[in-house]
Amino acid sequence: MPDTPTPPHSAPEAAPARPAPRSKSELFFAFSILALQGFGGVLAVVQRELVDKRKWLTAEEFVEDWAVAQILPGPNVVNLSLMLGDRYFGWRGALAGVAGMLCFPTVVVLLIAALFAGVADVPQVQGALRGMGAVAAGLIVAAGLRLTPALRSNTMGLWACWALIAATFVAVALVRLPLAWLLLLIGLPACLWAYHCLGRIRPSATTPDKERP
Amino acid sequence: MTALPAVQWLDLFLHFASLSILAIGGAITTAPDMQRYLVVERGWISHEQFSSSIALSQAAPGPNILFVALLGWNIGLGAAGVPPGTAATTWQAYALALGGVAVTMSGIMLPSTALTFVASRWGHRNRELRAVRAFKQGMAPIVIALLAATGWLLAANNKGDEHHLALWAVSAVSCLLVWKTRLHLLWMLAAGAIAGWMGWI
Numbered sequence: 001m002p003d004t005p006t007p008p009h010s011a012p013e014a015a016p017a018r019p020a021p022r023s024k025s026e027l028f029f030a031f032s033i034l035a036l037q038g039f040g041g042v043l044a045v046v047q048r049e050l051v052d053k054r055k056w057l058t059a060e061e062f063v064e065d066w067a068v069a070q071i072l073p074g075p076n077v078v079n080l081s082l083m084l085g086d087r088y089f090g091w092r093g094a095l096a097g098v099a100g101m102l103c104f105p106t107v108v109v110l111l112i113a114a115l116f117a118g119v120a121d122v123p124q125v126q127g128a129l130r131g132m133g134a135v136a137a138g139l140i141v142a143a144g145l146r147l148t149p150a151l152r153s154n155t156m157g158l159w160a161c162w163a164l165i166a167a168t169f170v171a172v173a174l175v176r177l178p179l180a181w182l183l184l185l186i187g188l189p190a191c192l193w194a195y196h197c198l199g200r201i202r203p204s205a206t207t208p209d210k211e212r213p
Numbered sequence: 001m002t003a004l005p006a007v008q009w010l011d012l013f014l015h016f017a018s019l020s021i022l023a024i025g026g027a028i029t030t031a032p033d034m035q036r037y038l039v040v041e042r043g044w045i046s047h048e049q050f051s052s053s054i055a056l057s058q059a060a061p062g063p064n065i066l067f068v069a070l071l072g073w074n075i076g077l078g079a080a081g082v083p084p085g086t087a088a089t090t091w092q093a094y095a096l097a098l099g100g101v102a103v104t105m106s107g108i109m110l111p112s113t114a115l116t117f118v119a120s121r122w123g124h125r126n127r128e129l130r131a132v133r134a135f136k137q138g139m140a141p142i143v144i145a146l147l148a149a150t151g152w153l154l155a156a157n158n159k160g161d162e163h164h165l166a167l168w169a170v171s172a173v174s175c176l177l178v179w180k181t182r183l184h185l186l187w188m189l190a191a192g193a194i195a196g197w198m199g200w201i
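Sequence order for the protein chains is F and R.
Residue numbers for the first sequence follow the working numbering, beginning at 1 and rising by one.
Residue numbers for the second sequence follow the working numbering, beginning at 1 and rising by one.
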């Protein structure tokens, strides 16, 4: 699990100061800006914004948190903003994160609905939607590719990781397996295997967040 | 359509609240059930309103969950007697529309966020547990592959489109640009929007 800026006990000693939101309002506006860039879904933006730009999370931490956000019910980007907000500032931070993710986008979408009823049916708008959708699809794939370095420290080893990636991709993209089945058929065995691997080596040597530069 | 009695608003809230817990992988996975409930079973909104709510939420910035807000908006307008596809004209209609948004959004958000709050706190407190670490390590490659597969499915959505080869090319180029460069995402989205608007893709 990623260490966080707030609880002092979990930060490695002499670690350089990590970028983190300084206040709940900074958190709120950071998630607002993130959400307002999310044409075609926030998924495409969240990795770029939190890992590449703000550096609040490393790729490893992002993948770990994303796994939790993904498996719990609810919109995964909202889950992620809730988890991060909670970790930085407790439940008020969680509220600030979720509010940031939802407030302005809700206002925008309702204004569009109120002012331009039927705008989504105009052919040019549909064309623009198609174009943005095609770009967003590429962005989401790229977000996945940019996270693969996080697997270098994975306890299961690179080969097992790539085999799991291939199996998951085929199951979801080509076979169209529902998420629940994917978690049962591939996720559960993967977690059991990881559990086994974690037992083989001394725990301290496998904790990736203690090796961060 | 006439104004919905309070018991029906409660029914709406409870229905969305139960879907909230089932919405693993996002609320869009429960859209077929919402469609059945709102359009077929209750007749509160039309099929066109349902589809355009999803389309509009994807056009606008923000999480895709906001299609649920638009569904509530349309239900409220319907309850105020506004015909589908037209704008509201009275304050009462806007108030009911906002009430609809409040009911559907709180229904879909409250249970799942409460569960996420409790579960992720537990997970963070117990992050040194072998089982918790095994879950995160085991899920890491799957989560990465899920992102790639989601993008792939979105790109494959255009199969029947006459421009589908061009759309694939746009997806591939934007993927490469994000992967290898620092180009701002909004430039790419804007370029895609313009190309689509002009009918090039």
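Treat the hints with care, as some may be off.
Some, not all, of what chain F presents toward chain R, calculated at C-beta under 10 Å [to be verified]:
| id | residue |
| --- | --- |
| 1 | Ala17 |
| 2 | Glu26 |
| 3 | Gly40 |
| 4 | Val42 |
| 5 | Ala44 |
| 6 | Val45 |
| 7 | Pro105 |
| 8 | Leu110 |
| 9 | Leu164 |
| 10 | Val170 |
| 11 | Leu179 |
| 12 | Ile186 |
Here are the computed distance ranges between Cβ atoms for each label pair [what the hints assert, rightly or not]:
| id | chain 1 | residue 1 | chain 2 | residue 2 | range |
| --- | --- | --- | --- | --- | --- |
| 13 | R | Arg130 | F | Val119 | 51 to 57 Å |
| 14 | F | Pro123 | R | Arg130 | 53 to 59 Å |
| 15 | F | Cys103 | R | Thr90 | 24 to 30 Å |
| 16 | R | Arg130 | F | Asp121 | 52 to 58 Å |
| 17 | F | Phe116 | R | Ile194 | 36 to 42 Å |
| 18 | R | Val7 | F | Arg152 | 55 to 61 Å |
| 19 | F | Phe116 | R | Leu110 | 26 to 32 Å |
| 20 | F | Arg152 | R | Glu48 | 45 to 51 Å |
| 21 | F | Ser23 | R | Val118 | 24 to 30 Å |
| 22 | R | Ile21 | F | Ser23 | 48 to 54 Å |
| 23 | F | Pro189 | R | Leu10 | 27 to 33 Å |
| 24 | R | Asn157 | F | Arg92 | 55 to 61 Å |
Worth flagging that the hints you see were computed from the coordinates, not collected in a lab.
The structure presented is a predicted model; accordingly, all values stated were derived computationally and were not measured.
Here a beta-carbon is modelled for each residue, glycine too, at the ideal position from N, C-alpha and C.
Results of checking the hints against the structure:
no., hint, verdict
1, Ala17, "violated (21 Å)"
2, Glu26, "violated (19 Å)"
3, Gly40, "holds (6 Å)"
4, Val42, "holds (5 Å)"
5, Ala44, "holds (7 Å)"
6, Val45, "holds (6 Å)"
7, Pro105, "holds (2 Å)"
8, Leu110, "holds (6 Å)"
9, Leu164, "holds (4 Å)"
10, Val170, "holds (9 Å)"
11, Leu179, "holds (4 Å)"
12, Ile186, "holds (6 Å)"
13, R:Arg130 with F:Val119: 51 to 57 Å, "holds (53 Å)"
14, F:Pro123 with R:Arg130: 53 to 59 Å, "holds (56 Å)"
15, F:Cys103 with R:Thr90: 24 to 30 Å, "holds (26 Å)"
16, R:Arg130 with F:Asp121: 52 to 58 Å, "holds (54 Å)"
17, F:Phe116 with R:Ile194: 36 to 42 Å, "violated (19 Å)"
18, R:Val7 with F:Arg152: 55 to 61 Å, "holds (57 Å)"
19, F:Phe116 with R:Leu110: 26 to 32 Å, "holds (30 Å)"
20, F:Arg152 with R:Glu48: 45 to 51 Å, "holds (49 Å)"
21, F:Ser23 with R:Val118: 24 to 30 Å, "holds (25 Å)"
22, R:Ile21 with F:Ser23: 48 to 54 Å, "violated (33 Å)"
23, F:Pro189 with R:Leu10: 27 to 33 Å, "violated (43 Å)"
24, R:Asn157 with F:Arg92: 55 to 61 Å, "violated (39 Å)"
Hint compliance for this structure: hints 1, 2, 17, 22, 23, 24 are not met, and every other hint is.
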